[in-house]
Amino acid sequence: MRKIYPTTIEAIEAPTLIRITDNFYVVAFRLMKLLPAHFILDRAQQAGLLDIGSIIIETSSGTFGLALAMICALRGYRLILVSDPVIDTSLKRRLEELGAHVEIVSGVEAYTGIQQVRLDRIKSLQEEHPGYFWPSQYDNPHNPEAYTPVAELLVEALGHVDCLIGTVGSGGSLCGTSNYLRMLFPQLTVAGVDTHGSVLFGLPDQPRLLRGLGNSLMPKNVAHMAFDEIHWVNAAEAFLATRILHRTHALYMGGTSGAAFLVSRWWAQQHPNATVVALLPDEGYRYQDTIYNDDWLRQHNALLTQLPEQPCLVSHPHEVNENWSYMLWKRRTYEQVLHYPFLGGQSRGQ
Amino acid sequence: MAVSEVDLKVGHGQAYAHHGELLQGMFADEQGYLHYGLVTLPCMLFHTEVTFTVTPNSEIIVEPATHSKAFQAAKLTLHYCNRSGHGGHLKLNSNIPLKMGFGSSTSDVCATIRAVAQACSFHLLPEEIAQIAVQAEQASDSIMFDTQQTVLFAQREGIVLEEFHKPLPVLEIIGFNTDATGQGIDTLTFTPIHYSHQEIEAFRVLLAGLRKAIALHDPYLLGRVTTASAYINQRYLPKPHFDRLLQLASKTGALGLQVAHSGTIVGFLFDPEIAELEERVQMILTHLFEMGFHISHRFRTEKRTSPRKNTA
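Same order as they appear, the protein sequences are chains C and E.
Reading the first sequence from the start, the letters are residues 8 to 357 in our numbering.
Reading the second sequence from the start, the letters are residues 6 to 317 in our numbering.
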């Protein structure tokens, strides 16, 4: 029987599983963050924390804010989004069209620390609006728990998964999906994709051109012990991979998808007998004037002509160079990895 | 209604035991409503046979008299078959061990319903038997369905939540009772579990795994589903030595563990096609013996004959 979706949310949040090669599949989302936004707001509603007219306050300059705005428009919640100046104008217009109040935090010269400024603004807004609800995607355990539909899809469609690869920002999608898959496949390899300038796996905080993955703060939802491998992909590499994903597979996706595609394609080639799945978080339309525009790439010194064939293996985050690098994280804690004695450039096989 | 000669009939019914469940938890239906549900693992080692003779007076005599749920089932079935004023003589003969999770109660109830219905010249569908069974004993397993037919069954509502349309992959099961005292579990005193929402989410994935395992006839995936279900159940009705049993399963190349979620039996699942099956089984038995479990049982899920059907 053909399915009729009860609302736009259910229709758009449902991912599509696509075979790229014999052993390599992608889960393509139109807007992945609808899953956690939907799940978090459903839980809050069931707990009696939300009703028509309730105020939701969140910090987001990207897709989680969009997902919240879509649900709030359908359900009649009031949404205040605290955002930094990097938010693109068309997204801001779209959020406002959906009824969200977008507050840009400005007056900060250095990029570093702006997330803290956003959090401070949230705090003062919360004092202004008692009875608010804060979805808190970075720390809310309902974020990773929202990803059972992805695990369900993979189990039912493929029957077995050997390796799951995705970008890490809040930690929700990859930690959540892999946690559920490992109930059935405890050996599942999980490879996280981060970017240079993100603190998630031990690099120093720096401005990042590649958005939608990485973080300047450490979210509680990043469960470091879930990861077998960590890759760092720079912006130019991710952008070219995004374009190649479009050219070769007609998949018009965002930059995080490019980063995940770059790593997962390589992983699948390295392990021809393993079933490899990559999570592709959003579509490319928001990036028409940036990632899909050579002039913009050139202006930002992010126009590559060729992808690196393989990543550089490092044994410690401090060894990561400016290009695509990876290390075997081996399901250790952040402290175990970072406090592991670092002996310069020397490779330390274990 | 006057009792005619035609009504003084004898009916026979039979029902198998089960060996706990492959999966048990809480599952959402299409509308998103949650139901307690389970997937039974039928076990042809044991069964109940019942004979029911309709009598014109309203008294129902159960033999042996200890089977109070069978009494309820007989009464409810007579009512269902428009013989409310009637009684009868119910004779049960069962070899199913009690209070371990073999489903002796549902087996008694099902066999009784079949026998009474046959005596009343009624042919009941499994769905109808399920409804009566749940009324008689509050919660039932799904042994009233053909053993070739696997269903996700709402044990407290007596309804099928999902049909899998294919038989289970063939499995070899080495089972034993983890309760050496033999006291067992009284299912009536076992209150419904309050699953966490994380567990309810997890059950969606396990159910997807079960669907795929049945569709692909994949015993390995099935073993992973049953093991994960058993693992979650450790929070509610823990089986002793669970970690050791898991290690033993892994060491012997078993597909996984499978438990009676509201009982005390545990099974090691094997692919019957695996090389050196007998050696592996011996290793299990040796270890179980060392752990103080001297009694075990062994059976297979394979092409079987169905329990006797009611014929009008």
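Calculated directly from the structure, the hints in this document are not laboratory data.
Among the clues, some could well be false.
Unchecked claim - Only pairs whose alpha carbons sit at most 20 Å apart, straight line, appear in this in silico DMTMM-like list of lysine to aspartate or glutamate:
| # | chain 1 | residue 1 | chain 2 | residue 2 |
| --- | --- | --- | --- | --- |
| 1 | C | Lys10 | E | Glu281 |
| 2 | C | Lys10 | E | Glu167 |
| 3 | E | Lys171 | E | Glu54 |
| 4 | C | Lys10 | C | Asp29 |
| 5 | E | Lys244 | E | Glu281 |
| 6 | E | Lys104 | E | Glu132 |
| 7 | C | Lys10 | E | Asp34 |
| 8 | E | Lys14 | E | Glu35 |
| 9 | E | Lys104 | E | Asp151 |
| 10 | E | Lys171 | C | Glu163 |
| 11 | E | Lys244 | E | Glu278 |
| 12 | E | Lys171 | E | Asp151 |
| 13 | C | Lys337 | C | Asp212 |
| 14 | C | Lys10 | E | Asp151 |
Checklist entry - Given the hint that Lys10/C pairs with Glu281/E, does the C-alpha gap stay at or below 20 Å? => result Violated: Lys10/C and Glu281/E sit about 48 Å apart, past 20 Å.
Checklist entry - Holds or violated: are the alpha carbons of Lys10/C and Asp34/E at most 20 Å from each other? => result 14 Å, holds
Item to check | 20 Å Cα cutoff - pair Lys244/E, Glu281/E | outcome: 28 Å, violated
Item to check | Agreement of Lys104/E and Asp151/E with the hint, judged by alpha carbon distance not exceeding 20 Å | outcome: Measuring from Cα to Cα gives roughly 23 Å; hence the hint is violated.
Next on the checklist: Checking one constraint from the list: CA of Lys244/E to CA of Glu278/E, max 20 Å. Satisfied?
Outcome noted: Status violated; Cα separation ~28 Å.
Checklist entry - Under the criterion that the straight-line Cα-Cα distance not exceed 20 Å, is the pair Lys10/C, Asp29/C satisfied? => result 29 Å, violated
Next on the checklist: Would the hint linking Lys171/E and Glu163/C be met if the CA-CA limit is 20 Å?
Outcome noted: The given pair, whose Cα atoms are some 15 Å apart, holds under the 20 Å limit.
Checklist entry - Hey, Lys104/E versus Glu132/E, does the alpha-carbon distance stay inside 20 Å? => result Not OK: Lys104/E and Glu132/E at ~25 Å, beyond 20 Å, violated.
Next on the checklist: Hint check: Lys337/C vs Asp212/C, CA-CA at most 20 Å. Holds or violated?
Outcome noted: Violated: Lys337/C and Asp212/C sit about 23 Å apart, past 20 Å.
Checklist entry - Hey, Lys10/C versus Glu167/E, does the alpha-carbon distance stay inside 20 Å? => result Holds, at about 17 Å.
Item to check | Holds or violated: Lys171/E to Asp151/E, with C-alpha atoms at most 20 Å apart | outcome: Holds, because 11 Å separates the two Cα atoms, which is no more than 20 Å.
Next on the checklist: For Lys171/E and Glu54/E, compute the direct alpha-carbon distance and say whether it is at most 20 Å.
Outcome noted: Roughly 27 Å separates the two Cα atoms, so the pair is violated.
The earlier numbered hints that this structure contradicts are 1, 3, 4, 5, 6, 8, 9, 11, 13, 14.
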